[in-house]
Structures are given as structure tokens and as C-alpha cells.
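Trainee: Each chain, letter by letter, is given below.
Number of protein chains: 2
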Amino acid sequence: MVQKYVYGTPFETEAVTARIDRAKGGSVCGEVSLDDGFCFTCALEDDDVVYGLGEANRGINKRGFCYVSDCTDTPHHTEDLQSFYGAHNFIVVSGSRTFGLFVDYPSKLTFDIGFTRMDRLSITCERADLYLYVIDGETPYDIVKQFRRMIGRSYIPPKFAFGFGQSRWGYRTKEDFREVAEGYRKNHIPIDMIYMDIDYMQDYKDFTLNEENFPDFPAFVREIKEQQIRLIPIIDAGVKIEDGYEVYEEGVKNGYFCKREDGSDFVAAVWPGYTHFPDVLNPEARQWFGDKYKLLTDQGIEGFWNDMNEPAIFYTPEGVREAAEKVQAFFRNPAGEVSNMDVDVLVEGLANNEKDYASFYHQVNGQRVRHDKVHNLFGYNMTRAAGEAFERLDPEKRFLMFSRSSYVGMHRYGGIWMGDNMSWWSHILLNLRMLPSLNMCGFLYTGADLGGFNADASRDLVLRWMALGVFTPLMRNHSSMGTREQECFRFERVEDFRHIVEVRYRLLPYLYSEYMKAALEDDMYAKPLAFVYPQDAHAVQVEDQLILGDEIMIAPVYTQNAKGRYVYLPEEMMFVKFMPDGSICQEMLPAGHHYVDIALNEVPLFIRKGKCIPVAETAEYVEALDTTDMKMIGYPGSSYTLYEDDGIHKDYDNPANRRILKS
Amino acid sequence: MVQKYVYGTPFETEAVTARIDRAKGGSVCGEVSLDDGFCFTCALEDDDVVYGLGEANRGINKRGFCYVSDCTDTPHHTEDLQSFYGAHNFIVVSGSRTFGLFVDYPSKLTFDIGFTRMDRLSITCERADLYLYVIDGETPYDIVKQFRRMIGRSYIPPKFAFGFGQSRWGYRTKEDFREVAEGYRKNHIPIDMIYMDIDYMQDYKDFTLNEENFPDFPAFVREIKEQQIRLIPIIDAGVKIEDGYEVYEEGVKNGYFCKREDGSDFVAAVWPGYTHFPDVLNPEARQWFGDKYKLLTDQGIEGFWNDMNEPAIFYTPEGVREAAEKVQAFFRNPAGEVSNMDVDVLVEGLANNEKDYASFYHQVNGQRVRHDKVHNLFGYNMTRAAGEAFERLDPEKRFLMFSRSSYVGMHRYGGIWMGDNMSWWSHILLNLRMLPSLNMCGFLYTGADLGGFNADASRDLVLRWMALGVFTPLMRNHSSMGTREQECFRFERVEDFRHIVEVRYRLLPYLYSEYMKAALEDDMYAKPLAFVYPQDAHAVQVEDQLILGDEIMIAPVYTQNAKGRYVYLPEEMMFVKFMPDGSICQEMLPAGHHYVDIALNEVPLFIRKGKCIPVAETAEYVEALDTTDMKMIGYPGSSYTLYEDDGIHKDYDNPANRRILKS
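Protein chains in written order, with the working numbering: chain A, 1 to 663; chain B, 1 to 663.
Fair warning: there could be bad hints in the mix.
Claimed, not checked - To spell it out: a stretch of chain A is covered by chain B in this simulated footprint if at least three of its residues, at any positions, have a beta carbon under 8 Å from a beta carbon of chain B; those stretches are: (1) 380–392; (2) 421–435.
As the list claims (entries may be wrong) - Label-pair restraints from in silico Cβ distances: (3) B/Val28 to A/Ala537: 30 to 38 Å; (4) A/Gly482 to B/Glu242: 55 to 63 Å; (5) A/Ile20 to B/Ile584: 54 to 62 Å.
Calculated from the structure, these hints are not laboratory results. Note that this is a predicted model, so its numbers are computed, not measured. We treat Cβ as the ideally placed atom computed from N, Cα and C, and that holds for glycine.
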């Protein structure tokens, strides 16, 4: 049961696709005050749990922190970080009362979930122009499913996108890409994709290729594809200002860029230097920008990642002018009134500055809308531009697409990766915890940069993180320029890496099947234990295990130098370890608490009581997987319904896609 | 058995007090190369564990990271941080071979402990001028004890320093301090100390008092002392350049400041603006600077904390000159060659810059020594200045003294706090893990800023952290200006905070007794489980429990929203919980793995099999504790030897200080 409340004049985000009538009176589960912007408050009991918020910091249970929906390019995901790249304003309160809230508001929104006071939830924003959806249901899981039905079917990538991918900001020349392809193929570590970060472009110009390094790009795409590897280029939000650059010139001519108050095109510096932002909230401009992806699909490209679309800003000419005087005052007279701390703040404040976000405009259905009021919709609509274009380009074909920034609604057009994380052990756990939260908000195709993007990775970190990555729909190892190289073949004892990636491919028929079922049935792929075992008093506290699909539980090791970990079983389960020699250990464990040994080169999972899953022979790329005669593991006498399609087209409802396998 | 190897011409740090003869030949447990600076390498087996490094990042087992001994003022203790404030170059390798290494080298030193390759330890530094001590022993614990005997008895504070202290950067006026004193006394939360951060000074000038706020400081010290609370002021390393300021003028006149190569006094900006650094490595200057503490002890002060003594540098005139041109070039022409990332790097690089550290000199026994070659000795010798002065001032009396920066050797003169941490849950665990590592290096009086210094703390974080702080010799809640106020009385349900601090006072007779025994016997106060249960195969993996003293094990909760935790018992133990109503739950638990419930307002500990500990009635300050008829908890029929003295003087060896208590 969903109640929709309207406050003021909301912006139409098109996050919700279901038709929901405005509530006629009724309570909203808490107090709403409109005295100073919008403020929703309600009491929290000691045992209440709060779920949701998609891409956000901290636990599966969101209690005890203050989260701010404000899409931000933020490179250090420390525990006190309030805003990530996405804005997913859906929460479920579960306990003494159980209800869901979706606040459809595309600007800055604060969720104080028992932070200022442990016993109070408050949701606040500056302008009381929003839709508030209140969802009643028996359980949080039921509420999530209702919400998912409200917001439309989740994005489904092609099957190759469930293979392993390697990425690094720093690959520049053909030789760089060939070295990576060879590193994997020679070592027989399975791989399906190599990602192209910003250096493949000419001067960071969207939809161009570096002329010196890629004179005949289609031939190079073919060359790599012949090794059964797809190249996946990045697309950035900002369009370089450069005379003669077609995208820039078309955008200016047609008025497709975001504008300043005076009507001139807004200027912001990003990787290419000064750029304009395509006005992706304007349907015409969105169509125009989306059609540009064809420049690359025509050359053989079948997938993309959209980046810098919060949109990130390094600085603006206006910002620089404003900061200059103070900064220069310090450098003229360091012992004067301006301190170097001020200078630090000023220089850092040049980037992603609120003032800049309040100084440009979108054109939406004849209305001019100031950017800060719809800030959280930019990445969503950039990715929607691509998604809508792919639909026009080839309505039968699936393209790979994921984005850094997002808002609920974007889940229909693409996945997300979890942003620029760090080579920190704590980020393995953050990766795990974000999975179910994102699933609640519709984002199923997701994963973190395995091994960590920034900072230097150690071999054991990468191994443990990859062993979690085995289970994330997007499985990509990605790292930043200037950090230690972390491709699987860079470390000693490469066979351990091969083994872990091979387990991904062996499990891929099952993982793909469960992903597809979740997408097609508006369900979650990764669930908190409490969603599956709602009567279990301890399950609700478990923050480092997940139920994946309907059959398995995962419990990765995420602490350095550990040889195992504690695990909680709400019921008897089959403890499965994929051993480095290719064998599979199975051991029945009773319900309760256990300490289990898990070596650095083993991949653990747990099969739920009475269930089984298929395991294929490994293959070096997705297409080579043979699913005709798979081994079944788990409980004897059980059966599993496998979903399998060609992975390319959209014939999802064909009954032939489902078949029953017996163990 | 200790072997001492001499390479080149080491600087005499005076870290080691024992007389140890140079080794006659023999192996050093690994390969030493002097081809390019100093490089020690040895193989690590899969199961080898490496202990030590004192104040350092990561686990009790130091494997898997690259640590750099390079005292640095560093505000964000993220997982990838290589250098903290101290330099404690002692490690123990335990496993296939067991040996200890102390590298007595006062400049930058790198410990790559299985990071670059998991199977290799390497220790490197630029100049091959050092002492290498190799310690053989049966167990890591035995090696630690040998090392501790080499470096002299650890600092012993007065007993009041085992009480609870409240601090915040931001207390400015008498009213601020009175408010804190009242907040504790009115709420009956025990307290013994309030710390004075930099704002008590006049313009951040060492040994001065703000004239407006503290016109009659001795009277104010008395006023607070009448409430049984001591004021503990901070002392910073840099001496403000200001005509008429006595300390500055004396230092200049006598040549007691560090000098540039041209002989002029070195200038660095810190809190007061431009300052000079007292040359604490020069014995004469050290004595002069130490004697200045008398300016405050004469006004009733009995304890200090030394800060900014890495020494931290915000910038130097030379650094500013060098950066100015590039920074200004960006602001003149943002689209030019200099990017805002360059500017960021330049502005941040003004602080704690290597070039600055290589541009000033100490005068040591007639020799001029460039600072960067002895960088890690500054905090040590600043604190030694105070310690030696106290000894002259009143040889019978103990003063409270702890420092931010340190080197092995400083442990004889003061404790340390663990630096400017964050209000992060992960820092509770970091706090716990640093305790035994610091103890290995001689630092017994230590603790972290409870609740976290930077970032905003939540009520539950402070409660859980304080429940660990109950057991740290230095128990202080400290926070930074600009963050949420986190004094115990700022939060709802203040009785939970009162309870936790009361448990500290109830346990104080035991904790003090164990501290004193550890200090007097060159032993550890906090030990890894493996040191006490060397035969237990699992104990060596436990990174979130400690043995404290000889009788108890601690296992605090360090994850948000958790209602308990897993704990490993190497043997049967008595699980004790101090309940919020003042009662004490005791439950015998068998050896093995357990999940135990621990509520937010409970303080847990475990008593080892066959042992007991005394518990006093609580008191609101240390002096009011009644130890005449304490309750004994733990195993019936056991006994405990209590160490108790007046806590003021140094009559440590008096047999009357020890008495046997029976349970």
C-alpha cells in the first residue's frame, strides 16, 4: 500500500514510473513540518533498524549517522563521509513500526538517522517541493518489492558484462591494452573486458580517439575482440571548449549546453580544461548527446561507463577570480591575516563548489531550472541519454552501461560502480554492505573497484577483495594512475588469482540466472540476512554476510592476515569452498555461530538448506562457458531453476529461458 | 641474547641505556646490503607473524603493509597512512624463526613487511649509519622483555593521571573550564583532569597565559583543584618570534634555537605564526627549555602534554617563496600550464615539507647536525627536556607528562597519546591494536582521544570507545574545534556515561597495580593473546582482544549497531559484565569461540582461569577511592597481589606497596 503526498511544486524527476494517486489525508508515520523548508521526524526505538539509501556510507543498518543526498565527486570514502556519487532517497524503518519512505526530491536532502539523537530520525531539505511516498508492508523485504515495482524494471546488461574486467587509469597506447590482454590470456586468467579510461581520447574530448595512439580504432577493437575481449570506453560529462570540435560546436549552435543566468554557456574546468555541460535534463539536448555514443558503437564498441557526471567541477573562472585575491594575499604576506589553512580551504573549495552549482541552468519543458535545485539528476539523465539512444540504435540489443553518479530512475538505464574507492580493507566490507542497499533502490548491476582505486594495493588485499567480487554482478579490478599496478598477473603466485577468477566463471551460470530473475521480478539479487530470515533475532545484526539470489549466502574474509572468519548460520547450511586445485569442499554446518577457516586462495560460499546450485567447468571468457552438463552442488535431491538466454537480446519472457536442474 | 651491529657512524640517540658490546661476527638473521644506503632483507614464511613498531597503523600483526618511521603531524589516520607521530623501530619476527630487531636510526626508515612481496621483509634507509640490535629468544614475549631491559624503565605518572580527563581544542575562558567541571561534578561523572589546549596561552606563546582570560592563573588553578580536578596545559614546540617575549629573547640571545645553514635562527610558521624551534638536542638548550615548565608548575600545575613536536611546520618563508610563483601563475591563468591539482599539491606541500626539514641544524656536543638526519628525535628530546627539568625541580615527585611525537628512549620521560585521530569506529580498533605494540617499545602510559578528535562523534561511538578507554592508562575524551561537542554530559541518557566512567574508577586499583608492576618489571601492561598463550594456534590471529596485566582479557565492541561480538577464549574464563545498575554479572565460559551480548551501557571483561581481581566502590576522583575493603571478583579461592603506593612519590620498591588479596 503506497501513499503519495505532495508538498509544494515538485520537480518531475520521473524516478517513479507507476501511476500512484495522491493520498487522501492519512498520517505519514511521523511529523512533517514546513516551517523552515521540509522536515520529517519520527521516533526510533532502540531495536528499530533502518535500511536503504543505496550508494551510501556505513552499514546495511543505516542507524547512527547523518547522510546527505548530494551527488559529489569525492575521492576519500572515510567513515565520516556524508555524500557519495548517487542520491537514493529510499529508506525502510523496520521494528516497532515498519514502513518505507521515498523522498522524490532532486536536490540536497539530509537523513539524520539516530545521529544527533539516537532515538530520532529526521529528514530535512531546504525547499518543501517534493513527493513523499509512504509504503506500508508486513516486512522490509515486502516494502522493498513494492518500491521496486513503483520505479520500473532494473537495467539488464549483456551477458558478457558478467565476465571479469580489468581497468586502470593510465592505459594510454595500444601497447598498454595489448599488454593487459596478453597478461590475462597468457596466464589463462579469464577475462571479458578491458576498460578504457580517459587517456584514450584526444585531449579528453568525448567521443574522440587519440589520433596518435589509435589511428584505426575499429581495427584495434577487432584485434582485441578476436581475443574475446571487449574494450569499454569511458565517457565524461564535460564537453571540451575547442573550435572545430564537432560536439562542442553542435552543442553551442543548438543551445544544448547548460547556461549561466545571463544566457551564456556555463563554463567549468574538468579533465579537458574548460568545458560546457550538455543539458541532459532538456529532452532535445539529451537525445542529441545520446546519439553521440553512436560515434563509438559504429566502431565496434558495445559498452560504456559514464563518469564525472555529478557533474564534477575542478573550478570555474568565477570561482578562480573569487579565490585569487585571498590566495595571493597569503603568498604576498604569509604572516598576514590570511593563513595557509584559509588557502587550503580556498583551493579545495574551488572544486564542486555550491556557488558554482547555483550559477547555471537547465531548460526543461520550456522552464529554466537552476542546477542546484535538480543537482542529483545530472548523472541519471546523462546515462538516460545513452540508454534512450541505444534503444533507438538497436532496440533488440543490450549494451553495457554504468555510471558514477545516479538517482533513482537511472537504474532503468544502467548500473553504477561504487566510485573511486581506496585500497583499504574496510572498503571490502563497504562494498559488501552497499550491495543490498543499492538493490533496494533498483541498482542491481553494480560492484566496486576490486583492489581499490586509490592507494597502493597489496596482494592479499586484492585476493580477498576479488573473492568477494566473484559474487558482484560488475566484477572489475580498477586502479588509479600513480598507484601500484594491481592487475592479477602483476603479483607473485598468479595461480591464486587465476583460481579466484575461474570460480567466478564456474558460478556465472548461477549468478547470471539469479541476476536475471531479480531484474525480471523486481527482486533483490543481494539481500540482508534479515530479509530472508525475518524471525531470526540475530540475523538482523549481521553486517558482513549476504544472501545472494535464493540459494546461497556469502561471507567473505575482509581482514588482513586472517585465516578465516566468524559466520552466522540462521539455519543449517552447506559450507562450500572452491579449493585452489579446482576441487570443491562441501561440509554441512548446523545453524548457529561458527568460525570457519578460509585461506587466501579459497573462495567460500554457503548453500541454504535443501537447495543446490549449478557449477560449470571454467572458461576463459563468458561465451565459452558450457552450460549443458553442469555439476550440481549443495543438498542432494533438490532442484534449481536456471534462467539462461543468449545474453545479447531481450527475449526475456521466453519460457525456454528457464529449465530445471536436479542435484 | 642481544647482538649489536654497528654500521657507519651512528648518531647517539641514547635510546638504549644498557651497555651492550659490539657483536663479534655472527649472522644478523637476514641479508644486509650497504650498496645503496642500508638494506636488511629476510624471507617470511606464510605463518610468520611480525610484532612491534609501537605507534603505527594497522594490526597487532604488522604483516602486509609498508611502514615508514618519520614523525609526522598527520590528521587523517586512514588505512594507507605510513607514518604516524612516533618512530619506534623495534620489531619481532615470530614463526619459523623468532628474533627481534631494533634499528637505532633517527631518520626516515622503511619497514616493508610483506607488502611488496608477501614473502619478504625489508628494512631500508638512506644512510648506512646506524646500530642494529638483534635479539634472540624463545618467544616474542621473551624478546620484548629483553628489549625493554635494554632501553630503561618506563615513565611512571602520578596516580591522578589514571583518572578520567576531559579535553577539547576550543576551551578558551575560565567559564569554558568551569562549565566542563560543573558538567561532570553535577552529573556525578568521575573526573580528575581537564586539559588546556592552545587557547589558554597569550597568542600561542609557550609558558604564557592569556592575559584577558586568566589574569590570576594560580587562583584559578586552585579553584579547579578545590573541585579535585587538575588543569593540564599543552606546550607546543615552536617559540613565537615576538620582541619582548622572554622565552624568545632568551633563546635568541643564547643561541638555543635551531639554525639555518647560514647560522641565522630557523623560522617556521605554526600556531603562533612565525616561530623558532628550541634546539632540544643540544643539552644546554634542552635544560633551558625544560626549566621553563617551572613558570607553570610555580602556579600550581602538575602535568603537561607536549604537542606539535614532530616538529610540525605549517610553512616556512622559503617554502612560501618557492610555491608562490606557481600558485600565482594558476590564478593568473587557470587554463594555463599549472593546474588546480598542482596548486593543491603545492599548498599542502607547504606543511611538513622535507626540504624544510633539511634546511635547519642542531648543535650536539660541538657538532652541527642537519635536522632531517635526526628528525625523529625532536619530540623525544622536547619531552626529555621537561622530564629532566622535573627531576631537578622535585626529584621525589611524579609529574604527568605525555607527548605527541616520540622515539624509543622517550618512554623513560613521558607517555604519548595516539595523536589526532578521528571519530571513526575503526579507530577504536586501531586504539586497541596500538596498545600492545606501544608497550613492546616501552610506552606504557598511553591512550587515544576517546570519541575521536576530528569529525563528529555519535553517542554510541563515544560510549563504545569509552568502554575501551576504561582500560587504557591514559583515559581522555578529546575533540577538535569545529566538531560536535562530545563531553559525556552533552548526550542523552547521561547515566550510561556515568556508569562507564565509574567502572574505570572501580577497576582503577587493579589497573594501577598492573601498570606499576609492568613498569617496575619492564613488562607489558597490554599483551597480544599469543604472548600469554603461545601454544594456542588461534590466539595468534586474534586482533581485537588483549590480555591486560596478568589477570584479565578485554574484548570491547567496536562496530556500530552491534549488540555484542565474537570472542575467543584460549582457556576457560569468567565473563564479567559491569551492568548499568552497578551490579556485576559473572558467567563461566569454556575455552573456544563465543558470541557474547554486550549492550551499549555495559562494560565487559574476562577474568583468566584461577584468577581474581579487586573492584572498589566508585568515587568521583582518584584520591577518594577507598581500597581498604574491596570486593574480589573472578575465581573463588584465588588471590591477587595488589601494588599500591601514594601515587605521588617514587618509593616504588617499598615492600609495603604490595599486599595479597584473597577472593
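Trainee: Next step is simple, just say for each hint if it's right about the structure.
Mentor: Hints, one by one, checked against the model:
Here's how the stretch 380–392 of chain A fares: 0 of its residues keep a CB closer than 8 Å to some CB of chain B, so the rule of at least three is not met and the hint is violated. Counting residues of the stretch 421–435 of chain A whose CB lies closer than 8 Å to any CB of chain B gives 5, which reaches the minimum of 3, so the coverage claim holds. A hinted range of 30 to 38 Å for the beta carbons of B/Val28 and A/Ala537 is inconsistent with their spacing of about 56 Å. Remark: the range hint 55 to 63 Å for A/Gly482 to B/Glu242 is contradicted by a beta-carbon distance near 42 Å.
For A/Ile20 and B/Ile584, the hinted distance range of 54 to 62 Å is satisfied, since their beta carbons lie about 56 Å from each other.
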